[in-house]
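**Student:** My request is simple: use the sequences and hints to build the entire structure.
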Amino acid sequence: MRRRMALPAAGFAAVLSAAPAMAREVPAPAPDSVVRAASAVNGTGYYNGPVALATSVSGTSYVLTDPVRTGLGCGGVDGAAYTSVDDVWGNGEAKDLETACVDALYAAQQQAEMLSSWLGRTSIDGNGNFFPIRVGFDETGIGWYGMARYVRVGNTTDEERYPTSTDLIGHEFGHAIFAYTPGGTSATNEHQGLGEGTADIFGTLTEAYADNPLDPPDYTIGEESDLKGTGPLRYMYDPTIVGHPGCYSSTIATTPEHQAAGPLDHWFYLMAEGTNPTNGQPVSPTCDGSTLTGIGIRAAGEIYYHALLSKTSGWRYGSVRSATLAAAKDLYPEDCGRYDAVKAGWNAVSVPAQSADPTCGTVPTPPTCSASSTTGASIPDAGAAVTSAITISGCSATTAASGSSVEVHITHPWRGQLEIDLIAPDGTVFGLKDTDTSDSADDVDVTFPIDLSTEGANGTWTLSVADRYTNNTGTLDGWTIRV
Numbered sequence: 007m008r009r010r011m012a013l014p015a016a017g018f019a020a021v022l023s024a025a026p027a028m029a030r031e032v033p034a035p036a037p038d039s040v041v042r043a044a045s046a047v048n049g050t051g052y053y054n055g056p057v058a059l060a061t062s063v064s065g066t067s068y069v070l071t072d073p074v075r076t077g078l079g080c081g082g083v084d085g086a087a088y089t090s091v092d093d094v095w096g097n098g099e100a101k102d103l104e105t106a107c108v109d110a111l112y113a114a115q116q117q118a119e120m121l122s123s124w125l126g127r128t129s130i131d132g133n134g135n136f137f138p139i140r141v142g143f144d145e146t147g148i149g150w151y152g153m154a155r156y157v158r159v160g161n162t163t164d165e166e167r168y169p170t171s172t173d174l175i176g177h178e179f180g181h182a183i184f185a186y187t188p189g190g191t192s193a194t195n196e197h198q199g200l201g202e203g204t205a206d207i208f209g210t211l212t213e214a215y216a217d218n219p220l221d222p223p224d225y226t227i228g229e230e231s232d233l234k235g236t237g238p239l240r241y242m243y244d245p246t247i248v249g250h251p252g253c254y255s256s257t258i259a260t261t262p263e264h265q266a267a268g269p270l271d272h273w274f275y276l277m278a279e280g281t282n283p284t285n286g287q288p289v290s291p292t293c294d295g296s297t298l299t300g301i302g303i304r305a306a307g308e309i310y311y312h313a314l315l316s317k318t319s320g321w322r323y324g325s326v327r328s329a330t331l332a333a334a335k336d337l338y339p340e341d342c343g344r345y346d347a348v349k350a351g352w353n354a355v356s357v358p359a360q361s362a363d364p365t366c367g368t369v370p371t372p373p374t375c376s377a378s379s380t381t382g383a384s385i386p387d388a389g390a391a392v393t394s395a396i397t398i399s400g401c402s403a404t405t406a407a408s409g410s411s412v413e414v415h416i417t418h419p420w421r422g423q424l425e426i427d428l429i430a431p432d433g434t435v436f437g438l439k440d441t442d443t444s445d446s447a448d449d450v451d452v453t454f455p456i457d458l459s460t461e462g463a464n465g466t467w468t469l470s471v472a473d474r475y476t477n478n479t480g481t482l483d484g485w486t487i488r489v
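Numbering (my numbering), first residue to last: 7 to 489.
Treat the hints with caution; some may be incorrect.
Under the rule of at most 20 Å between Cα atoms (straight-line distance), these lysine to any residue pairs were calculated in the SDA-like manner [to be verified]:
(1) 335 / 124
(2) 101 / 50
(3) 234 / 164
(4) 101 / 144
(5) 101 / 124
(6) 101 / 166
(7) 335 / 346
(8) 335 / 287
(9) 101 / 158
(10) 101 / 220
(11) 335 / 315
(12) 101 / 55
(13) 234 / 149
(14) 335 / 367
(15) 234 / 158
(16) 335 / 365
(17) 101 / 85
Simulated from the structure, these hints should not be mistaken for laboratory data.
Since the model is a prediction, treat every value here as computed from it, not as a measurement.
**Tutor:** Pasting the structure below:
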């Protein structure tokens with residue numbers, strides 16, 4: 007095996023300090039630095055076989071760093087990018103570190119091309135920066151280390167391979183994309199579950215874009231690396247195969263983050279492929295027994311990424327439903343078919359309608375009945391949710407209106423700390439407002455429009471209000487529901 011050389015202690019930074027800023031064209035080389043675009047096979051991966059890598063030259067050495075994507079490269083545990091006397095990398099062996107870097111850098115470069123070509127994003131952080139990969143840690147697994155800003159690669163459980171398959175590398179950088187879109191990340195299980203699902207989506211998009219015959223596009227996560235020796239980590243078309251929920255419920259809020267990704271993974275598959283694909287992808291069940299037709303993985307990815315650009319720190323599944331519906335309308339303003347597909351997908355995984363859901367092509371039916379409560383209730387500081395119930399009876403309408411609304415009045419010095427839900431008589435939870443710590447304004451005096459047409463009008467409707475952060479208390483002054 008060819009001898010590898012490490013750069014000085016400055017590692018990736020030493021190589022990339024001479025690299026030009028992010029650009030789509032290869033710029034003129036700087037002194038003592040040559041940039042090389044991927045034009046011919048120059049690497050051999052364990053998972054991907056012969057591949058073309060874009061690499062750099064520094065002095066008399068070839069360097070395993072991207073010539074135009076600032077920060078992207080691969081090397082050992084010390085952060086030093088691998089170098090070589092020639093531009094030939096890897097030998098295809100499972101336990102060769104340089105080979106692991108071939109697969110990892112190939113995946114990262116394929117993801118970068120996918121982001122630009124399919125989604126219009128020019129870097130991982132949205133500000134021109136990519137991040138390095140370090141391989142060979144004496145531990146099991148692979149992860150995105152957000153504070154240090156690199157992907158860290160250990161071993162598989164059996165120590166026979168390095169887990170650098172395309173979907174896993176794409177997954178880890180997907181965590182970075184989630185962190186570097188508006189709202190960042192938060193510590194709640196549901197938000198972190200959405201982060202895991204987002205990472206699965208970006209790993210799957212990367213694998214689809216690469217379309218490597220040795221690792222064909224699919225909707226299983228980590229099937230090539232087989233990290234734990236038990237096959238794929240997750241199955242997007244049916245998360246229940248590994249015991250994860252494929253349908254949303256209120257228990258997602260307390261479900262561990264990888265499992266909590268299940269409904270988002272499932273929704274994305276249904277969006278992209280539908281329930282009965284004709285392209286060889288597997289059949290996918292739905293939670294409501296519906297049958298769906300997919301819109302294709304690229305369109306599904308475009309809609310989800312566009313929704314990410316409106317993410318807040320308080321994102322929950324209901325928020326994602328509303329954001330993706332809005333994204334479908336923005337991206338396809340003349341085509342309610344994409345909007346309908348997004349909506350059907352969320353219905354199929356049991357994420358209910360939200361007050362923020364936009365409409366497309368139809369006029370909402372007006373409400374026929376209403377009731378109010380003016381009984382005040384104290385909202386404790388970072389405590390349990392307070393509830394207020396209103397019973398509607400004798401309403402002539404069989405079902406509630408698609409143009410229903412909930413008017414809420416709350417006194418509170420920092421309304422962004424509040425989470426507000428409506429609970430239907432059958433127990434279905436409709437999100438009205440998520441937390442948003444950037445919203446420091448006083449009080450809530452808002453009428454939330456919401457489609458309640460899946461519910462009966464009569465029964466006891468409950469408003470739930472919770473302060474999710476410390477240092478403030480408030481009062482629910484009253485509310486009105488119109489169905």
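**Student:** Would you check the hint for residue 101 and residue 144, treating anything up to 20 Å between C-alpha atoms as holding?
**Tutor:** Status holds; Cα separation ~13 Å.
**Student:** Given the hinted pair residue 101 and residue 50, is their alpha-carbon gap at most 20 Å?
**Tutor:** The given pair, whose Cα atoms are some 13 Å apart, holds under the 20 Å limit.
**Student:** For residue 101 and residue 220, compute the direct alpha-carbon distance and say whether it is at most 20 Å.
**Tutor:** The hint holds at about 18 Å.
**Student:** Keeping to a limit of 20 Å between CA atoms, is the pair of residue 335 and residue 124 held or broken?
**Tutor:** holds, 18 Å
**Student:** Does residue 315 lie within 20 Å of residue 335 when you go C-alpha to C-alpha?
**Tutor:** holds, 14 Å
**Student:** Verify the proposed pairing of residue 335 with residue 367, using a straight-line Cα cut of 20 Å.
**Tutor:** holds, 10 Å
**Student:** Sort out whether residue 158 lies within 20 Å of residue 234, counting only the CA atoms.
**Tutor:** With a Cα-Cα distance of about 17 Å, the restraint between residue 234 and residue 158 holds, given a limit of 20 Å.
**Student:** Given the hint that residue 335 pairs with residue 287, does the C-alpha gap stay at or below 20 Å?
**Tutor:** violated, 27 Å
**Student:** Do the alpha carbons of residue 101 and residue 158 lie within 20 Å of each other, as the hint requires?
**Tutor:** holds, 16 Å
**Student:** Would you check the hint for residue 101 and residue 124, treating anything up to 20 Å between C-alpha atoms as holding?
**Tutor:** Violated: residue 101 and residue 124 sit about 33 Å apart, past 20 Å.
**Student:** Given the hint that residue 335 pairs with residue 365, test it: the Cα-Cα distance must not exceed 20 Å.
**Tutor:** OK: residue 335 and residue 365 at ~9 Å, within 20 Å.
**Student:** Hint check: residue 335 vs residue 346, CA-CA at most 20 Å. Holds or violated?
**Tutor:** holds, 10 Å
Of the numbered hints listed earlier, those contradicted by the structure are 5 and 8.
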